[in-house]
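Novice: The lines below spell out each chain.
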Amino acid sequence: MLRLAPWIIVLSLVLPVVGGTLLTVPPAFGYLPVLGGDDWSFRPWLELAETPGILRSVAVSFGSGLLATGLALIIVFLFLSTIANTRFDRWIQRLISPLLSIPHAAAAFGFAFLIAPSGLLLRWLSPSLTGFERPPDWLLLNDPFGVSLISGLVVKEIPFLLLVSLAGLPQLNAGQRVMLARSLGYLPRVAWFKAVAPALYPLIRLPVYAVLAFATSTVDVAMILGPNLPSTLSVQVVHWFNDPDLTRRFLASAGALLQLLVTASALSVWWGLEKLIGKGFNAWVAGGNRQRSDGTLWLAGRGLMLIATLLPVLGLFALALNSVAGFWRFPDAWPGSVTLSHWLQALPDLARPFWMTMVIATAASVLAVAMVLAALEHEQRLNRPATRALWLLYLPLLVPQVGFLSGITVLSQMAGQAPALWVVVWAHLLFVLPYVYLTLVEPYRRFDFRWVILGRSLGLSVNQAFWRIRLPMMLRPVLTAMALGVAISVSQYLPTQMLGGGRIVTVTTEAVALSSGGDRRLIGVWAMVQAITPFIGFVLALLIPRLLWKERRGMQAL
Amino acid sequence: MERTSGHAGPLAEAGCLQLQDVALELHGHHLLHLNETISPGGVLTVMGPSGSGKSTLLAWIAGFMSPSFHATGRAILDGEDITGRPAEKTGVGLLFQDPLLFPHLSVAGNVKFGARGGKDDVAERVENALASVGLAGFGHRDPETLSGGQRARVALVRLILSRPRAILLDEPFSKLDTPLRRELRAVVFEHLRQQNVPAVLVTHDQEDADAAGGIIVTID
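Protein sequences appear in the order of chains H and E.
Heads up: the first sequence begins at 7 in the working numbering, then just goes up one per residue.
Heads up: the second sequence begins at 54 in the working numbering, then just goes up one per residue.
None of these hints come from the bench; they were simulated from the model.
Ideal Cβ positions, reconstructed from N, Cα and C, are used throughout, including at glycine.
There may be inaccurate statements among the hints.
Said to hold, decoys possible - Here are some of the chain E residues that sit facing chain H, going by a computed Cβ distance under 8 Å:
{"no.": "1", "residue": "LEU147"}
{"no.": "2", "residue": "PHE149"}
{"no.": "3", "residue": "LEU188"}
{"no.": "4", "residue": "GLY192"}
{"no.": "5", "residue": "ASP263"}
Stated by the list, open to error - Calculated cross-link-like contacts (lysine to any residue; reagent style SDA-like; alpha-carbon spacing at most 20 Å):
{"no.": "6", "chain 1": "H", "residue 1": "LYS556", "chain 2": "H", "residue 2": "ARG482"}
{"no.": "7", "chain 1": "E", "residue 1": "LYS142", "chain 2": "H", "residue 2": "ARG188"}
{"no.": "8", "chain 1": "E", "residue 1": "LYS172", "chain 2": "H", "residue 2": "ARG474"}
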C-alpha cells in the first residue's frame with residue numbers, strides 16, 4: 007500500500023490536469039454532443055476572434071503576468087542583496103509566513119481599499135496634500151492597462167519568492183561568497199549580485215515559473231484589481247462558462263485553450279529572457295568592473311521591500327476599518343463613527359460558507375498530509391528517493407487553472423453529475439499537495455534515523471515506530487504543513503466556483519462575488535473573515551504541541 | 054586486521070553470539086572480515102578508525118544496515134540464525150553515542166517504552182531499575198531536565214528492561230567528559246555482566262577496550 011503512495015500522488019495530480027486539459031479540446035472545436043455540438047469546426051475560435059477587445063484581454067493577461075513576476079523578482083533580489091541580519095531583516099523575515107497565508111482575494115481587496123480614489127491612502131493625504139474635497143475622478147483601480155493588477159500581484163508574490171529564496175540561500179554559503187567578492191574589491195550589494203544571484207536563480211526557477219503561470223491566469227485577483235471591459239482573458243473565460251446560455255461553453259472552451267497558449271508563451275518568453283539576461287549578466291560579472299557606489303541599490307532594496315510589506319498590512323487594516331465604519335465622509339482620514347452592524351448583519355449569512363470552507367480545507371489538507379507522509383515514509387524505508395516523478399507536483403501550479411478546470415467541469419456535467427463536494431476537495435488537493443510536500447520533505451529527511459532504529463531494537467515494528475516515534479516527534483512540522491494546506495485551500499476561488507457550480511459556497515466565492523456589488527462595508531466583513539480563517543489553522547498548529555508537551559522541553563526546541 | 058587474546062568457542066553454544074565469516078564491503082571495497090564467538094557475559098571489542106566499517110558491523114547484526122553496503126556471512130544468536138531479520142526480531146539491544154531519550158516521553162515513559170515481560174508489574178520494575186542506577190524518583194521527570202550522565206543511565210536502564218539477548222554498544226562513552234566516562238563505564242559493564250548476554254563494543258578508546266576485558270579486534 008505504502009509502495010503506491012508516490013504513484014497515487016502523481017496520478018491524482020496528473021490525471022485531472024492532463025485529462026481536464028484534453029477534455030477542453032473537443033468543445034473548443036465545436037464538438038460536445040450534449041449541447042448539440044455534433045460537428046468539429048472552428049466556429050468557437052472565430053467567435054473568440056470576433057469578441058470585442060479580445061486582443062486587449064490577451065495583451066493584459068500576458069503583459070501583466072510577465073511584468074508582475076519580473077518586478078517581484080527584482081525587488082526580492084534587490085532586498086536580498088542588502089540583507090545583513092539587522093532588526094529590519096529579521097522583522098521582514100518574520101512577516102513572510104503571515105503575509106503568505108493571506109488569501110489572494112483578501113489581499114487584493116485590501117490593496118483595492120488602499121489605492122482606490124476614495125481609498126485609505128488618498129484619504130490620509132487629503133485634503134492637506136492633494137487639496138481634494140471629493141474623490142478624484144481617476145481610474146486608479148481596474149485601470150485599463152492593468153497597473154493596479156500588476157501592483158497587487160507584485161505585492162502578493164514577493165513573500166513567496168522571498169521565502170523560496172531564503173530557503174535556497176543556506177546551501178549556497180551566501181555569506182562566504184559575498185565576503186570573498188568583497189575582499190576582491192566589490193561593494194557589498196554588487197558582490198551579492200555577482201557572486202550569489204547567478205547561483206540562487208536556478209534554485210528558485212520552478213517557483214518563479216509557478217508565479218508567472220499564476221500571474222498570467224489569475225481569476226480572483228484580476229476580478230478585483232484588473233481592468234473591466236474588457237477584463238483579462240481568464241476572467242472572460244469564467245464569465246462565458248457561467249453564462250446561463252449553455253452554447254457559450256464552446257466559446258469558453260476555446261478561451262480556456264487560448265489561456266493555456268498565453269501562459270505557455272509567457273513562460274517561453276520568460277525562458278528566452280532568462281537566457282538573454284543570463285548571458286549579459288555573465289559578461290557583467292566577468293567584466294570585473296568595480297562600481298564606486300551601490301547606495302542606490304541599498305536604498306531601492308530596503309525601500310521597495312518596506313513598501314511591499316507595509317501595503318498588505320495596511321490593506322488588512324483598511325479592510326478591518328471598512329468593516330466597522332459607520333458614516334465616513336470622503337476626505338476624512340477616519341470614519342465618523344464605528345459600528346458592529348455590518349458584522350451583525352452578515353453573521354447569519356457567514357455561518358454556512360464558513361463551515362463549508364473549513365470542511366473543504368480540513369479534508370484537503372488532511373488528505374494531502376496523509377498522502378505526503380505515506381510517500382516520505384516509503385522513501386525512508388527504501389532508504390532512497392521514492393521516485394523522480396515527484397517533480398510533477400509542480401504541474402498544477404504551472405498550468406492555468408481555467409485551462410483544466412473547464413474540462414473537468416464539462417466532464418462532470420456530461421456525466422450528469424450534480425456538483426459534488428468530493429470533486430471540489432480533490433480540486434483543492436491539487437494545489438494543497440505541492441505546498442504540503444515542499445514543507446514536509448526537509449524535516450522528514452532531516453529526522454535522525456537513529457530514533458527509528460532505536461525504537462525497532464526495543465521491539466517496535468516499522469509501523470509502530472512510525473506511529474509511536476516519528477509522528478509524535480514530528481507533530482509540529484506536520485501540523486504546520488496542515489495549517490499551510492488549510493491556508494492554500496481557503497484562498498482557492500476558481501476550483502470551488504467552477505466545480506461547485508454555484509452550489510458549493512465558501513467564504514472565498516462569496517467574497518469575490520461581492521466585488522461586483524461594490525458595497526465596501528460588506529466586502530470588508532467577508533474579506534476579513536477570509537483573511538482570518540487561515541490564521542486559525544496556524545494558531546492551532548502553534549498551540550497544540552505547546553499544550554500537549556507543556557512539560558517536555560525537548561519538544562519545544564524540535 | 055589483528056586479534057589479541059580470547060578464544061573461539063564450539064559451534065552453537067547456548068546464549069552465544071557467533072559471527073561466522075562476516076565480511077563487509079562498500080562499493081566493492083573490502084572493509085572487514087570477522088569470525089568470532091562471544092559467550093554470554095563476554096564482550097567483543099572492535100577498534101578502528103572511523104570509516105573502517107565497525108559501526109556498519111553493528112548495523113548489520115541489528116538488522117538495519119544501509120543498502121549501499123554489502124555483507125556476507127551469518128550472525129547466530131543463541132543457536133538461531135538472525136542474519137537479515139528485521140531489527141525488531143533480532144533480540145539485539147543497542148546503546149548509542151547519544152542517550153537518545155525520546156523527548157516526547159517522561160523518564161519512566163522512556164524506560165517503559167521498550168520494557169518486555171508483561172504489563173502487570175512494569176511500573177514497579179521501571180522504578181526499581183531506575184533506583185539501581187541511582188535515579189530513584191526520577192520517573193516523572195522530563196528527560197531534558199537531566200544531566201548528561203543521568204540521561205546515559207536512563208538509556209542503559211531502558212536497554213536492560215527490554216531484555217535483549219545480545220547488546221551492541223556504538224562508542225557509548227565517547228561524548229562524555231573523562232570523569233563521567235570512567236564512572237559510566239563502570240556502571241555499564243557491571244550491568245552487562247549481570248545480564249549475562251554477549252556484547253559487541255565498538256570504540257576507538259583503549260580504556261574502553263581494557264574495561265570491557267574481552268576479545269579485542271583491531272581493524273586498519
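Novice: Any CB of chain H closer than 8 Å to the CB of GLY192/E?
Specialist: 13 Å, violated
Novice: Taking only the CA atoms, is the gap from LYS172/E to ARG474/H under or equal to 20 Å?
Specialist: 18 Å, holds
Novice: With a cut-off of 20 Å on the C-alpha distance, tell me whether LYS142/E and ARG188/H pass.
Specialist: 58 Å, violated
Novice: Assess, step by step, whether the Cα of LYS556/H is no farther than 20 Å from the Cα of ARG482/H, and give holds or violated.
Specialist: 13 Å, holds
Novice: Does the interface hint hold: is ASP263/E within less than 8 Å of chain H, judged Cβ to Cβ?
Specialist: Since chain H brings no Cβ nearer than about 27 Å to ASP263/E, farther than 8 Å, the hint is violated.
Novice: Hold the hint about LEU147/E up to the distance rule: shortest CB distance to chain H must be less than 8 Å.
Specialist: At 5 Å from the nearest chain H Cβ, LEU147/E passes the 8 Å test, so the hint holds.
Novice: At a threshold of 8 Å, is the proposed contact between LEU188/E and chain H supported by beta-carbon distances?
Specialist: Because about 17 Å separates LEU188/E from the closest Cβ in chain H, which is outside the 8 Å limit, the hint is violated.
Novice: Min Cβ distance, PHE149/E to chain H: is it shorter than 8 Å?
Specialist: For PHE149/E, the interface hint holds, since the closest Cβ of chain H sits about 6 Å away, which is under 8 Å.
The structure is inconsistent with the numbered hints 3, 4, 5 and 7, although it conforms to all the rest.
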